[in-house]
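K.L.:
Residue numbers (my numbering), protein chains in the order written: chain A, 1 to 225; chain B, 1 to 233; chain C, 1 to 47; chain D, 1 to 224.
Source of the hints: derived by calculation from the structure; they are not laboratory data.
All C-beta atoms, glycine included, are put in the ideal place defined by N, C-alpha and C.
Fair warning: there could be bad hints in the mix.
[Claimed, not checked] For lysine-lysine, the following DSS-like pairs were computed, each having C-alpha atoms within a straight-line distance of at most 27 Å:
hint, chain 1, residue 1, chain 2, residue 2
1, B, Lys-66, A, Lys-98
2, D, Lys-198, D, Lys-130
3, A, Lys-70, B, Lys-66
4, A, Lys-66, C, Lys-40
5, C, Lys-27, A, Lys-70
6, B, Lys-61, A, Lys-66
7, A, Lys-70, A, Lys-210
8, C, Lys-40, A, Lys-98
9, A, Lys-210, B, Lys-61
10, A, Lys-3, C, Lys-27
11, A, Lys-185, C, Lys-40
12, A, Lys-66, B, Lys-66
[Unchecked claim] So the derived list for chain A, only partly shown, Cβ under 10 Å to chain C, looks like this:
hint, residue
13, Arg-37
14, Ile-91
15, Trp-107
16, Met-207
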Amino acid sequence: MGKRIVLGAVAILLVIAAAYASFYVAPEERTMGVLQRIFYFHVASAWAGMDAFLLCFIANLLYVWKRDQKYDWLGVSSAEVGLVLTTVVLITGPIWAKPAWGIYWTWDARLTSTFVLWLLYVSYLLLRTLIEEPERRALLSALFGIFAFIDVPLVFFSIRWWRTQHPAPVIMGGPGSGLDPTMNKVFLFSVLAMHVLAAFLIVERYMLEKMRSEVDTLRREAEAQ
Amino acid sequence: MTALRIPPTGLRFENIDKRYGGLFALRRISFEIAPGECVVLAGRNGSGKTTLLRVAAQIVKPTAGKLSFPGADAALPANGRPGYVAHTTMVYDELTAEENLLLFGKLQNVENPAARAEELLREVGLMERRDSLVRTFSRGMRQRIAIARALIHRPSVLLFDEPATGLDPPGITWLANSLREVNRAGCTVVMSLHGESEISALATRAVQLDAGRVIADTQSGASLHSILTFGSA
Amino acid sequence: MKNLNSVFEAYLIGWGVFFLFYVSIAKRTSDLRAEVERLKNALPRGK
Amino acid sequence: MSLLSNTAILLDKELRTEFRSRELLTTTAVFILIVLVLFSFAINPGTEEARQFAPGLLWLAILFASSLMFQSCFLREQTNDTLSSLRLAVSDPFAIFLAKLIANTLFLLLTELMMLPFFAIFYNIPLWSKLPVLILVLFVGSLGISIAGTAISAISAQARMRELLLPLLLLPLLTPVLVVSSLVTASLLDREPIVQWKGIGFLAVFDLIFLTALWLFGEYLLEE
């Protein structure tokens, strides 16, 4: 319990520090001005979300292999947190796009792939609600999670290579491609902060799932009496 | 009915658990069935008979514990699997009786599947309906084709879940005679039954289940009778 | 400082989503606690 | 080798039952036909833009039709618990999937071929000269749809609300197939046709990746 409170406090402090850094430490971007400061938050969420889904994939594989409930709990937790993070990406994206390009939604490869990714994990969580028996739910959702994750690169490249025939507006070349060193540092710090926040949320969600599974067992025993 | 091709095989359950969610369908099941025995599983509905038979048929994977077939070849070939008759027919309604038997015969590498299918159709008395879709069959005929399917690969272990379901009195006599014949030929028979009948008369041993546990296991005539009459009521 | 409100909007909505998610976890946890209490009371009587 | 012989036996069963009733073929064909007609009301089919949209619409129709077709794929094995008897009989459960996905690809391809003349007439697109490549595109696309669809139908058959669930699980998964095959088909049917081999190759890669995943994880889908 104590450790979880500490983790939560650290996560909040880091997120606030990252916000401070992206407003006051990072230099102003020349073409986009202050608007570019969404970048640190938006892209850091995207990266953390992707890593949460990666964690979900690993948990799914481990479940199929080891058949330990723990991995099932980790699977749901990381999928749900990943979904929250990608939701943030999908909300902040249009907020950024509107003043920058005058439209809310662009069918840009990254944003579109993120949206498909979001849909895939919504389906994953939906599937979980529709199977009653815990072992079967764990196994089948793990298998769907595996199929969904291997689909991710295919979705990305198919959209990138065939959907965007004209070059998409270059928002950021990603870190490394000409990003100012200070900007780069602030960006990496934001990514770290977002990962700690994600870790905290996953731990909290995991404890909830653990408890839910215990209550479920209790309830079944009570019904069987 | 069946000439045995594989060595007589027994069945051994070691600490078998099957859990569905938090609930145990089977709990610590341990007993052994010797090759050639004819065993009746008794118990109320929901006592775990069907689950135990499905575990023995290797359709359901036990949560814990080990299932083995003492006497069988070390590498159990596909056609050494038990013959299993379930509550459902386990055959295709959209195929004819003969097509069903051919399908399962070929899948299990039965030698000369056409001849084997014909032999079985004759035995279960469906020869004249061989080209009819199973969909058009009566309950009794469905049960006969289900039994034929289970026997197609000449198994050395037979697992019959309520095999008399849907059979008329002549059908039950026929089934009892067939089972006696296979059992004499060395085939191990495990079946779940409700009450006493010509079929239960074949049993030399009764195992009673309750709430997923073995609560009685007897070979003596008197207690066998009592388990069969009262235990499964 | 044009577009500053868009930036604030993005940060605030983002944080809001995280916060709501945390609240939902806390809510679901407390519901479960209540359920545990109920079951604990129900179980001994059933046995 | 027993995998291949088992697959052949099971494929024979799948084809025999389907061609006896022709339920899947007729329903999917009629469904695609209805969608093609309805689309022609939603967009103006005579225009030049329609020529560009039409291939995408065709693939969308195929995708929806396929998600109807896969409904019964594993569900019909539940009626008499034939899935259990199959699992007892085959030496490698992958044979069950392989037979089903080959059968589904064939059914899908057959309905597509039946619908192509209507498509060409309704949207005024001549396809005769590009037919071989078009069939290749239809094949790699339908194969991908069938591989993923067979896997997902094994999942959805074991859940509640399976009829609704199947498309929800399957369609997002098939985004890459839809994106690439409609573009490849569009450029193939353009006034100046181009064969996008890269796209056909991509679809083949999709098929291969999902086939491998099914081979690795398929047996767990059938676990009880």
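K.L.:
Each of the hints needs a verdict: does it hold here or not?
P.N.:
Evaluation of the provided hints:
no., hint, result
1, Lys-66/B with Lys-98/A, "63 Å, violated"
2, Lys-198/D with Lys-130/D, "17 Å, holds"
3, Lys-70/A with Lys-66/B, "24 Å, holds"
4, Lys-66/A with Lys-40/C, "31 Å, violated"
5, Lys-27/C with Lys-70/A, "22 Å, holds"
6, Lys-61/B with Lys-66/A, "14 Å, holds"
7, Lys-70/A with Lys-210/A, "8 Å, holds"
8, Lys-40/C with Lys-98/A, "54 Å, violated"
9, Lys-210/A with Lys-61/B, "24 Å, holds"
10, Lys-3/A with Lys-27/C, "21 Å, holds"
11, Lys-185/A with Lys-40/C, "53 Å, violated"
12, Lys-66/A with Lys-66/B, "17 Å, holds"
13, Arg-37, "5 Å, holds"
14, Ile-91, "6 Å, holds"
15, Trp-107, "20 Å, violated"
16, Met-207, "8 Å, holds"
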